[in-house]
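Required output: the full structure, derived from the provided sequences and hints.
In order, the protein sequences belong to chains A and B. By the numbering used here, the letter at position 320 of the first sequence is numbered 320, and the numbering carries on one by one without gaps. By the numbering used here, the letter at position 127 of the second sequence is numbered 127, and the numbering carries on one by one without gaps.
No lab work stands behind these hints, which were simulated from the structure alone. Virtual Cβ for every residue (Gly too), placed ideally from N, Cα, C. Just so you know, not all the hints are guaranteed correct.
Unchecked claim - Stretch by stretch, here's where chain B covers chain A in the computed footprint (C-beta under 8 Å, at least three residues):
1. 3 to 10
2. 13 to 23
3. 228 to 239
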Amino acid sequence: MKNYFVFILKSAFFDFSRNKGRTFLTSLGILIGVLSVILLIAFGLGLKKYINDQFESLGSNLLRVLPGQILKNGSFRGGGSNALNNIRFDDKDIVTLQRLKVVELVVPVFTRTVNASVAKQTESGDLYAANEGVFVALNAKAQYGTVFTKSDVEKRSKVVVLGPKIAKKLFGTEDLAIGNNIKVEDQTFKVIGVLESKGGGGFGGPDLDSFIYMPFKTAYVFNTDKKIFAIIVKAKTDILLEDAKTEIKTALLKRYKEEDFSVIDQAELLGAISSIFGIMNAVLVAIAAISLIVGGIGIMNIMFVTVTERIKEIGIRRALGARKKDILYQFLIESVILSLLGGLLGVLLAFIIVTLIQKLFPAYIDVGSVALALGVSSLIGIIFGVFPAKKAADLSPIDAIRYE
Amino acid sequence: MTIRLLPQVLKRETLYMIKLQHIWKEYQLDQELIFTALKDISLTIKNGELCSIIGPSGSGKSTLMHIIGLLDKPSKGTILIDDKDISRLDDDTISTLRSEFVGFVFQQFNLINKLTVLENILLPTIYARKKMNYQPEEYAHYLIDRFGLKGKEKSYPNKISGGQQQRVAITRALMMKPKLILADEPTGNLDTKTGQEILALLLELNKNEKMTVVIVTHDKSVAEKTNRRITIIDGNII
Chain A
1 MKNYFVFILK
11 SAFFDFSRNK
21 GRTFLTSLGI
31 LIGVLSVILL
41 IAFGLGLKKY
51 INDQFESLGS
61 NLLRVLPGQI
71 LKNGSFRGGG
81 SNALNNIRFD
91 DKDIVTLQRL
101 KVVELVVPVF
111 TRTVNASVAK
121 QTESGDLYAA
131 NEGVFVALNA
141 KAQYGTVFTK
151 SDVEKRSKVV
161 VLGPKIAKKL
171 FGTEDLAIGN
181 NIKVEDQTFK
191 VIGVLESKGG
201 GGFGGPDLDS
211 FIYMPFKTAY
221 VFNTDKKIFA
231 IIVKAKTDIL
241 LEDAKTEIKT
251 ALLKRYKEED
261 FSVIDQAELL
271 GAISSIFGIM
281 NAVLVAIAAI
291 SLIVGGIGIM
301 NIMFVTVTER
311 IKEIGIRRAL
321 GARKKDILYQ
331 FLIESVILSL
341 LGGLLGVLLA
351 FIIVTLIQKL
361 FPAYIDVGSV
371 ALALGVSSLI
381 GIIFGVFPAK
391 KAADLSPIDA
401 IRYE
Chain B
1 MTIRLLPQVL
11 KRETLYMIKL
21 QHIWKEYQLD
31 QELIFTALKD
41 ISLTIKNGEL
51 CSIIGPSGSG
61 KSTLMHIIGL
71 LDKPSKGTIL
81 IDDKDISRLD
91 DDTISTLRSE
101 FVGFVFQQFN
111 LINKLTVLEN
121 ILLPTIYARK
131 KMNYQPEEYA
141 HYLIDRFGLK
151 GKEKSYPNKI
161 SGGQQQRVAI
171 TRALMMKPKL
181 ILADEPTGNL
191 DTKTGQEILA
201 LLLELNKNEK
211 MTVVIVTHDK
221 SVAEKTNRRI
231 TIIDGNII
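Below, the structure is given as structure tokens:
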């Protein structure tokens, strides 16, 4: 029994080494398929983890009150500040929410894209207008200088606090920004602080490091309608988020209808974003899986060639007592090896690529996806090897041994 | 040379090795044309016999050999081995029987070039179903010594001479200790001298080891060395 497999494997590897180029090209199909599937899964996993980390860094016990129905059944649905029929929050709502016992902080938020310039350097940035509570809510501390205060908000002080990224872009280094003036559109503001980096940005998570933070009322110059795009509510630490949510809803329902606004927590937002990325990722993985099928067809093709080339050998083996199934197994094993070879190389290459790009892009390979890839490539070897192997097994021994 | 290669040869119960009764072999060439390769052949090969099947090409001798060697099935008729009709058995059973019953020696040697001499010799044993009462490797080395192939174990078939290749083929044929050695033009691809050596080897197996040997040939000088000549022309034994 030991010899049985040794001889079959030896026969297979002899063939592979004699046809190195052909073997490699055949495996290449599977290699590319496995590589793309593993990489996409790795990116998907990395992205999910990244989004998770991002939201965790955004502060805890936070609720966001937004106009319109933002989330329904865990997915985004229209809404946002641009939807036509949306209600518009105003100061009255802020006061209503501030009166709630469950609430620690209420932060109205207005954002827009602006051009910020220092001397001749102009950068496009996001204006983030909020009251002084935003720094506590988002757990953001000043790295240099200080953050703005309630009095800055009330007095409409012409000051800004910069995220470290935009500060660096405009001033070269973060510390140089302090005390200097910055032009936002055509208005001049004094930089009083630069925040510590929160990291990240992109991939659905807000890039806190690139924001220009401005006292809410100061920003009325850019927000003449006194619009509030969103309200960040930080619940008191001993309050369950779910309870806070109910209280907020009850309070707002006195003024608005159920469908007019949404109160969402991070878990929900995270779930929604994850599910969107999850679907996208699944679609991409499915597309990549098609290349595995193409690779499988390549294997089938080459196995048919191999069978034809080795008709004589098949005849000899049959004359020596090999049964049909012995021949079938031999060619099946060969096609599985061929496919698995591609699979293993694909996994190896995926590991190398992921290691190389890990610094730039969040990605990691888990054991499950490797096992899946190798399992699938073996399966492809079997599925696409079975027809050529059957052809070999069904050859008549006489015809095979006479074949020249 | 008095070494008994195959002690069980002496213990055979039935008097005959294989008995063919009214064997017909027909090939459907196209819808209307049927080619009859063997016409009502009846033939008994006895234990320990040394015989030749002789005939011109196209006479049906190869077809007859394939049927005796269990590589092909007759269209009609019965084949008896140990009083059992084996002509209607399924492919698996026939394959197993083939591996135990017959050892082939071909004109083209039919060695597998990517396996070493030793591996070629051991090849039949990997397909063996029955439990062998001997160590295949040990027996292989014994035969390799016996047939002057020592030192060639790790060589590949295309790196040794034709005579050596045919000796490897004979060794391989003996590996399963078969009851019958079936040689199809065993000297056809060899020069005269080497051919005679190989023939001598087969004759010696019959004489000293009491092996049943059937040689298929078109060469009268080869046939003359055997004790019994079966001449076949146009599918008939004459």
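#### Entry: List of violated hint numbers, smallest to largest
3
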